[in-house]
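2 protein chains.
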Amino acid sequence: MPEIRWDIITEERVIIATERSRRPHDFKRTDAPAEPKPAFVPNCPFCEGNESMTPPEVDAFRAAGTQPDSPGWRVRVVPNKFPALASAGDANPRAQGIYTLADGVGAHEVIIETPRHHETPVVAPLTQWTDALRMYQNRLRALAQDEQLKTILIFRNEGKAAGASLEHPHAQLVGLTFIPPVVQRHLDGVQRYRTRHGKHPFEAIIEQELREGTRLVRQTERFLLYVPFAARVPYELLIVPLEPVARFEQMSEPLLQQFAMLLQDALQRLYTVLNDPPYNYMLFTAPAGYESEFWLHLRIVPRLSIEAGFELGSGVNINITAPEDAARYLRECDGAAAS
Amino acid sequence: MPEIRWDIITEERVIIATERSRRPHDFKRTDAPAEPKPAFVPNCPFCEGNESMTPPEVDAFRAAGTQPDSPGWRVRVVPNKFPALASAGDANPRAQGIYTLADGVGAHEVIIETPRHHETPVVAPLTQWTDALRMYQNRLRALAQDEQLKTILIFRNEGKAAGASLEHPHAQLVGLTFIPPVVQRHLDGVQRYRTRHGKHPFEAIIEQELREGTRLVRQTERFLLYVPFAARVPYELLIVPLEPVARFEQMSEPLLQQFAMLLQDALQRLYTVLNDPPYNYMLFTAPAGYESEFWLHLRIVPRLSIEAGFELGSGVNINITAPEDAARYLRECDGAAAS
Numbered sequence: 166m167p168e169i170r171w172d173i174i175t176e177e178r179v180i181i182a183t184e185r186s187r188r189p190h191d192f193k194r195t196d197a198p199a200e201p202k203p204a205f206v207p208n209c210p211f212c213e214g215n216e217s218m219t220p221p222e223v224d225a226f227r228a229a230g231t232q233p234d235s236p237g238w239r240v241r242v243v244p245n246k247f248p249a250l251a252s253a254g255d256a257n258p259r260a261q262g263i264y265t266l267a268d269g270v271g272a273h274e275v276i277i278e279t280p281r282h283h284e285t286p287v288v289a290p291l292t293q294w295t296d297a298l299r300m301y302q303n304r305l306r307a308l309a310q311d312e313q314l315k316t317i318l319i320f321r322n323e324g325k326a327a328g329a330s331l332e333h334p335h336a337q338l339v340g341l342t343f344i345p346p347v348v349q350r351h352l353d354g355v356q357r358y359r360t361r362h363g364k365h366p367f368e369a370i371i372e373q374e375l376r377e378g379t380r381l382v383r384q385t386e387r388f389l390l391y392v393p394f395a396a397r398v399p400y401e402l403l404i405v406p407l408e409p410v411a412r413f414e415q416m417s418e419p420l421l422q423q424f425a426m427l428l429q430d431a432l433q434r435l436y437t438v439l440n441d442p443p444y445n446y447m448l449f450t451a452p453a454g455y456e457s458e459f460w461l462h463l464r465i466v467p468r469l470s471i472e473a474g475f476e477l478g479s480g481v482n483i484n485i486t487a488p489e490d491a492a493r494y495l496r497e498c499d500g501a502a503a504s
Numbered sequence: 166m167p168e169i170r171w172d173i174i175t176e177e178r179v180i181i182a183t184e185r186s187r188r189p190h191d192f193k194r195t196d197a198p199a200e201p202k203p204a205f206v207p208n209c210p211f212c213e214g215n216e217s218m219t220p221p222e223v224d225a226f227r228a229a230g231t232q233p234d235s236p237g238w239r240v241r242v243v244p245n246k247f248p249a250l251a252s253a254g255d256a257n258p259r260a261q262g263i264y265t266l267a268d269g270v271g272a273h274e275v276i277i278e279t280p281r282h283h284e285t286p287v288v289a290p291l292t293q294w295t296d297a298l299r300m301y302q303n304r305l306r307a308l309a310q311d312e313q314l315k316t317i318l319i320f321r322n323e324g325k326a327a328g329a330s331l332e333h334p335h336a337q338l339v340g341l342t343f344i345p346p347v348v349q350r351h352l353d354g355v356q357r358y359r360t361r362h363g364k365h366p367f368e369a370i371i372e373q374e375l376r377e378g379t380r381l382v383r384q385t386e387r388f389l390l391y392v393p394f395a396a397r398v399p400y401e402l403l404i405v406p407l408e409p410v411a412r413f414e415q416m417s418e419p420l421l422q423q424f425a426m427l428l429q430d431a432l433q434r435l436y437t438v439l440n441d442p443p444y445n446y447m448l449f450t451a452p453a454g455y456e457s458e459f460w461l462h463l464r465i466v467p468r469l470s471i472e473a474g475f476e477l478g479s480g481v482n483i484n485i486t487a488p489e490d491a492a493r494y495l496r497e498c499d500g501a502a503a504s
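Just so you know, the protein sequences line up as chains U and G, in that order.
Mind the numbering: the first sequence is residues 166 to 504 in my numbering, read in order.
Mind the numbering: the second sequence is residues 166 to 504 in my numbering, read in order.
Among the hints, a few may not be true.
Pairs involving identical chains hold if they fit within one copy or between any two copies, as the list cannot separate such chains.
As the list claims (entries may be wrong) - Mimicking DMTMM-like on lysine to aspartate or glutamate, the simulated pairs with C-alpha atoms at most 20 Å apart in a straight line are:
#, residue 1, residue 2
1, 325, 284
2, 315, 456
3, 325, 472
4, 315, 168
5, 325, 191
6, 202, 472
7, 315, 458
8, 364, 296
9, 364, 353
10, 246, 168
11, 364, 176
12, 246, 386
13, 325, 200
14, 315, 176
15, 202, 284
16, 364, 458
17, 325, 255
18, 202, 255
19, 246, 472
20, 364, 418
21, 246, 184
22, 364, 311
Honestly, the hints are just simulated from the structure, not real lab data.
Use the sequences and the hints to build the structure in full.
Take a look at the structure:
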């Protein structure tokens, strides 16, 4: 019998219909490279030594004495060469007859997470991967100074089926002058839940997930890794801190290191269980004005199925893998075996 | 300079960023079959003669004297073999701790649009294609009798990248016991616009599209085919009747014939301009209780790009083709040349 499950925050429904369910290895990535990737690719704009192929860097962690836009960096940030939004313009809405439009103003950066082409988060040394996430913090801190920007979204696209056009490990950052619908619905849902229940929904979620245990993948001292009750897609994962933290750049060094370890572990588990799946992750950190009440979280979405006419026309997802089954496979796997 | 455009109904933003724009033929379908498709495929469950491979039919247009689940049909409807929703169960929400779930109750049917495997809407004789749409009306009429169902969505997935698992021309119908988010946001937006402006937004849209002309693809006596001002993806198309019609099954025979012709023409134009693209279309007809005020429409979404982390994390689309450019290519093409 298919189930309807409600997302406890947005109150949106998901259909869990497992009749077509597959075992995890049947979700085989079809575009996975057959060969191990090389550490350097001559025409890759993100490889060390190819700095001239990108716009000038806006930030980097580099060895003492090395120059911007030259080798010697560990993590490097450049403007997106084809930005979705421009850094200057008039963000005020204007009319075109009955319609409304504005200049597309915002920020669009690329965070190159390693100088080495093959060094995905799954195989990167933890120190390198932690540096990459420390740079996420740096950029969030820098862009928080721009009063135009209300929301800063950092996300990662891995694999062609997840929309990645370049293979070299990188994340992207987009700064928006507004709060977009997905974030607004989350904020509205949190507000609604607090009013009704007197607590943040993540507090209630963490309590129940720890008690039930069936959707839990891993708990560390400060974080939880779990499959949401109303997961929209197979093997969706959430990482939340056990105590609220509003902005990612507020995480102390010990917290950041634990987060880096757990995110790497989550990606290694997906790699092992699902055979190197394409995925996206999105880091949700407090929009401007919500610093006191937001509870940051990171959502990982493996791209194992395609949204078709039903999903586009309804906004309802059909998830063919029960969250409890996904969690069990991920829990039982030894993530570190991937590296 | 990228642009932000607001959807006039939902008020959601779209980013139009044409720096990466491509000419239409660069959106080449990579999974397009090299060979012409045969009229009959021995192991295709939807081909005439293979009726025993599907669940028993629930409706069909058939030649006089032929038996159900045997050859002789022109259009055939069967339950989905792997239904996302079950026909019976308890749709009332129940609690699991803090969470809410219910049995997944609803309808899930497959409308096989032709007995012949190769006969896509682009190449089908107009009489056959009109029969297929007449069957959409039949099923909407039949399922309107089921008081549990609040929303009935008919959609079509064409091509693997649009989520089609079977090649034989078919649409699907899903009946839901609730109004899903995409439809609810549309209803809310229409209500808001009416309150502010005293008219239905489609009335205002049609006026402006006819006056501007830049996003128009084709106008017939009773319908408009156009690219929306805030199109979310390249070459998105809308078909709307010039005068409001609430439910698709209310369309008179002459209206249905004109709709069939225009929808076929739209798909032929996409086929020609974009080289047989994968696409979805969704038919939005009045949910139960909205029969007096809904304005039906059909939305066609070519699947030329992949939603990545930004879209998943924000709900904002980045469209790399200006709606006016898409409309010009589609307007200037002779759709019928595809067949």
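Hint-by-hint comparison with the structure:
{"no.": "1", "hint": "325 - 284", "verdict": "within (17 Å within a copy, 31 Å between copies)"}
{"no.": "2", "hint": "315 - 456", "verdict": "within (11 Å within a copy, 40 Å between copies)"}
{"no.": "3", "hint": "325 - 472", "verdict": "both (15 Å within a copy, 11 Å between copies)"}
{"no.": "4", "hint": "315 - 168", "verdict": "between (37 Å within a copy, 17 Å between copies)"}
{"no.": "5", "hint": "325 - 191", "verdict": "both (18 Å within a copy, 17 Å between copies)"}
{"no.": "6", "hint": "202 - 472", "verdict": "neither (30 Å within a copy, 25 Å between copies)"}
{"no.": "7", "hint": "315 - 458", "verdict": "within (15 Å within a copy, 37 Å between copies)"}
{"no.": "8", "hint": "364 - 296", "verdict": "neither (34 Å within a copy, 56 Å between copies)"}
{"no.": "9", "hint": "364 - 353", "verdict": "within (14 Å within a copy, 29 Å between copies)"}
{"no.": "10", "hint": "246 - 168", "verdict": "between (44 Å within a copy, 17 Å between copies)"}
{"no.": "11", "hint": "364 - 176", "verdict": "within (16 Å within a copy, 31 Å between copies)"}
{"no.": "12", "hint": "246 - 386", "verdict": "neither (40 Å within a copy, 46 Å between copies)"}
{"no.": "13", "hint": "325 - 200", "verdict": "within (16 Å within a copy, 26 Å between copies)"}
{"no.": "14", "hint": "315 - 176", "verdict": "between (24 Å within a copy, 18 Å between copies)"}
{"no.": "15", "hint": "202 - 284", "verdict": "within (9 Å within a copy, 44 Å between copies)"}
{"no.": "16", "hint": "364 - 458", "verdict": "within (11 Å within a copy, 40 Å between copies)"}
{"no.": "17", "hint": "325 - 255", "verdict": "neither (34 Å within a copy, 41 Å between copies)"}
{"no.": "18", "hint": "202 - 255", "verdict": "neither (43 Å within a copy, 52 Å between copies)"}
{"no.": "19", "hint": "246 - 472", "verdict": "between (29 Å within a copy, 19 Å between copies)"}
{"no.": "20", "hint": "364 - 418", "verdict": "neither (28 Å within a copy, 57 Å between copies)"}
{"no.": "21", "hint": "246 - 184", "verdict": "between (44 Å within a copy, 10 Å between copies)"}
{"no.": "22", "hint": "364 - 311", "verdict": "neither (32 Å within a copy, 40 Å between copies)"}
In terms of the numbered hints stated before, the structure departs from hints 6, 8, 12, 17, 18, 20, 22, listed from lowest to highest.
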